[in-house]
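Peer 1: Chain residues, written in single-letter form:
Protein chains: 2
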Amino acid sequence: MGAYARLPRMRITALAGGVGGARFLRGLRDHLDADPSLAEAELTVIGNTGDDINLFGLRVCPDLDTLLYTLGEGVHEGQGWGRADEGHLVQAELAAYGAEPQWFALGDKDFGTHIVRSQWLGQGLSLSEVTARLAERWGLPRQRVTLLPMSDSPVETHVVVEDDEGQRAVHFQEWWVRMQAAVPAQRFVAVGMDRATAAPGVLDAIRRADVVLLPPSNPVVSIGIILGVPGVRDALRGSSAPVVGVSPLIGGMPVRGHADACLAAIGVESTASAVAGLYEDFLDGWLVSTEDAASVRLPRAAVHGRPLLMSSRAAAADIAGAALALALELKAA
Amino acid sequence: MGAYARLPRMRITALAGGVGGARFLRGLRDHLDADPSLAEAELTVIGNTGDDINLFGLRVCPDLDTLLYTLGEGVHEGQGWGRADEGHLVQAELAAYGAEPQWFALGDKDFGTHIVRSQWLGQGLSLSEVTARLAERWGLPRQRVTLLPMSDSPVETHVVVEDDEGQRAVHFQEWWVRMQAAVPAQRFVAVGMDRATAAPGVLDAIRRADVVLLPPSNPVVSIGIILGVPGVRDALRGSSAPVVGVSPLIGGMPVRGHADACLAAIGVESTASAVAGLYEDFLDGWLVSTEDAASVRLPRAAVHGRPLLMSSRAAAADIAGAALALALELKAA
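Respectively, the protein sequence lines represent chains A and B.
Residue numbers are given in the working numbering: position 277 of the first sequence equals residue 277, and the series is strictly consecutive.
Residue numbers are given in the working numbering: position 218 of the second sequence equals residue 551, and the series is strictly consecutive.
Here chain A stands alone, though its shape is the one from the complex (with noise of 0.2 Å):
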């Protein structure tokens, strides 16, 4: 642990989506937060925004709001999004005036996040500046956590679908949440991608990052999207820290969601390997499962297995913990 003692404010710099993402950076700021050599640690959350959508007429960022749920505390435990103890009275509401979608489950404290978020972006104010005034709430400066969206300028996730109704795009979270993805996708588009910017301080939390970790998040849908940010990529590839990533696939299957189907659509296999495959101009260190251990060899990056399934909260440290270790270890190296 002669690393750590080197960097006492260590610069931790992480891409994530929802709930998997979530949970694990909760994991490591519980771990960063046992070591007191480790308590000045900064970490940098960078956000998939490619989910976000408009709903009756409010700007909803899921990723953004599971994280910030997560972390400050809010989230509701057991589904790994929205709040606890939360209220449904206003979709109910909505519904009884015919509103559309219906799909889309929406609580009333949630509802609060949603209704602050548009307002405030009506004022003019960016998403990076939303997201930081709903951060303050949460108590992430607190715990010295810097939420990013990765782009202030809207990007949408559409899936290319094809079913009874013909060949059509919806919207990503009309595949995920209402078909379930069961409809198999044939190609995801990033709408808007193409005149999107980073937001401010994602390059540069790449380039002057300590080390650089990827969660379990969806490789496809969630890392993806990011990895699509003009610039992006090329600050990984840039970057002299140590980038580790942590697979989302135990024995091949996603523990959650469903990231073999977005694999399938854009024509990867489900495994370890595969998933690596993804990252491989940029990454050097790939936490796998420890089943999936003896599969995956890489030419360019280092491989541990361990336990990776994030039974509890302890469990997402220790996973939080051991590739923080890997980093180090490549860093030192």
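Derived by calculation from the structure, the hints in this document are not laboratory data.
Keep in mind the model is a prediction, meaning the values are calculated, not measured.
For every residue, glycine included, the Cβ atom is placed at its ideal position computed from N, Cα and C.
Hints may be right or wrong, so weigh each one.
[Claimed, not checked] Partial list, derived from the structure: chain B residues whose beta carbon lies under 8 Å from chain A:
(1) Ala438
(2) Lys442
(3) Phe444
(4) Ser451
(5) Leu467
(6) Val522
[Claimed, not checked] Chain A is faced by these chain B residues, among others (derived, beta-carbon under 7 Å):
(7) Pro341
(8) Gly420
(9) Gly445
(10) Val588
[Claimed, not checked] To spell it out: a stretch of chain A is covered by chain B in this simulated footprint if at least three of its residues, at any positions, have a beta carbon under 8 Å from a beta carbon of chain B; those stretches are:
(11) 49-60
(12) 85-94
(13) 111-122
On the provided structure of chain A, position chain B as indicated by the hints.
Peer 2: The following block gives chain B in isolation, referenced to the frame of chain A:
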């Protein structure tokens, strides 16, 4: 009751503010429902929108909502406004985020109305169109009640006040709700009225009415604001229908609200006579409280005294019935 028989599909038009107007009109609807010869009567309500306000980026129409909730059997009976069995999670969240203002209480179900209204307005629908959709959910068409906003143009009543912070104009709601009308109003300004036109159907509803009723709403900031909409006062003057008003005062005092403070601001005495004076160019009948009857003499309008306290739903129906009877008596004369 011969007059009734001659008007099987009697068209009644009413101008209304919030709580008092809504209770009176629900009473009128009850009265009509109780009499088979009146069951086909049609009621058009022209609602004040001068109280409307943007809160948290959402469009809130307090008087229209009170009319919808009351006529739609969803109102909080004790308060007279807002929803029955209401939750309070959303606004607590907004407070936690530091969103302003916090002096206006919005419940969770109520937020549903504001969200869907704002969404539909954002899609380009007019306030009339939005109000018709909201009224559908509350069953108003089924009751042969049409609710029209006085105008589709935004009109906001502002109040000029002077206190320790000097002279300034505040939104009507800030004066009414936050200051509880305790800071003397110097005058009222209907911001936007110079560019406003009556909403579709408003002038026709007055011109083609068989009877026009003025419920015991605030004569200055509810009825008075509606009368300021271009064409409304002329339509009332020109209508062949009898116009019958119900005094909002009992023994010179408002039953609820701050009508006396509003009257003082415009230099009008807080008496049933003086209020009738505000309507003198079109008023045909004036229903006043028993104790006020002796002191009211109007040159052009018939005056009837009777108990006016809407102490119950049945009492409101009796008062509304008396106003209608007076109108029909004048019509038959």
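Peer 1: Now look at each hint and say whether the structure bears it out.
Peer 2: Verification of the hints:
Interface hint status for Ala438(B): violated, as the beta-carbon distance to the closest one in chain A is roughly 14 Å, over 8 Å. Annotation: Lys442(B) was flagged as interfacial toward chain A, and the flag holds, the nearest CB pair being 5 Å apart, inside 8 Å. The restraint placing Phe444(B) at the interface with chain A holds, with a minimum CB-CB distance near 5 Å, inside the 8 Å limit. Because the closest C-beta pair between Ser451(B) and chain A is about 5 Å apart, less than 8 Å, the hint holds.
Interface hint status for Leu467(B): upheld, as the beta-carbon distance to the closest one in chain A is roughly 7 Å, under 8 Å. Evaluation of the Val522(B) hint against chain A yields a violated restraint, the C-beta minimum of about 24 Å exceeding 8 Å. Restraint check, Pro341(B) versus chain A: the minimum CB separation of about 33 Å is more than 7 Å; hint violated. With its C-beta approaching chain A no nearer than about 5 Å, Gly420(B) sits inside the 7 Å limit, and its interface hint holds.
Because the smallest distance between the Cβ of Gly445(B) and any Cβ of chain A comes to about 3 Å, under 7 Å, the interface hint for this residue holds. Nearest Cβ of chain A to the Cβ of Val588(B): about 30 Å, over the 7 Å cut. The hint is violated. For the stretch 49-60 of chain A, the stated coverage by chain B is satisfied: 3 residues place a CB nearer than 8 Å to a CB of that chain, which reaches the threshold of 3. Coverage of the stretch 85-94 of chain A by chain B holds [criterion: at least 3 residues with CB-CB distance below 8 Å; count 8].
Under a criterion of three residues with beta carbons nearer than 8 Å to beta carbons of chain B, the stated coverage of the stretch 111-122 of chain A is upheld, 8 such residues being counted.
Violation of the numbered hints given earlier is confined to hints 1, 6, 7 and 10; the remaining hints are satisfied by the structure.
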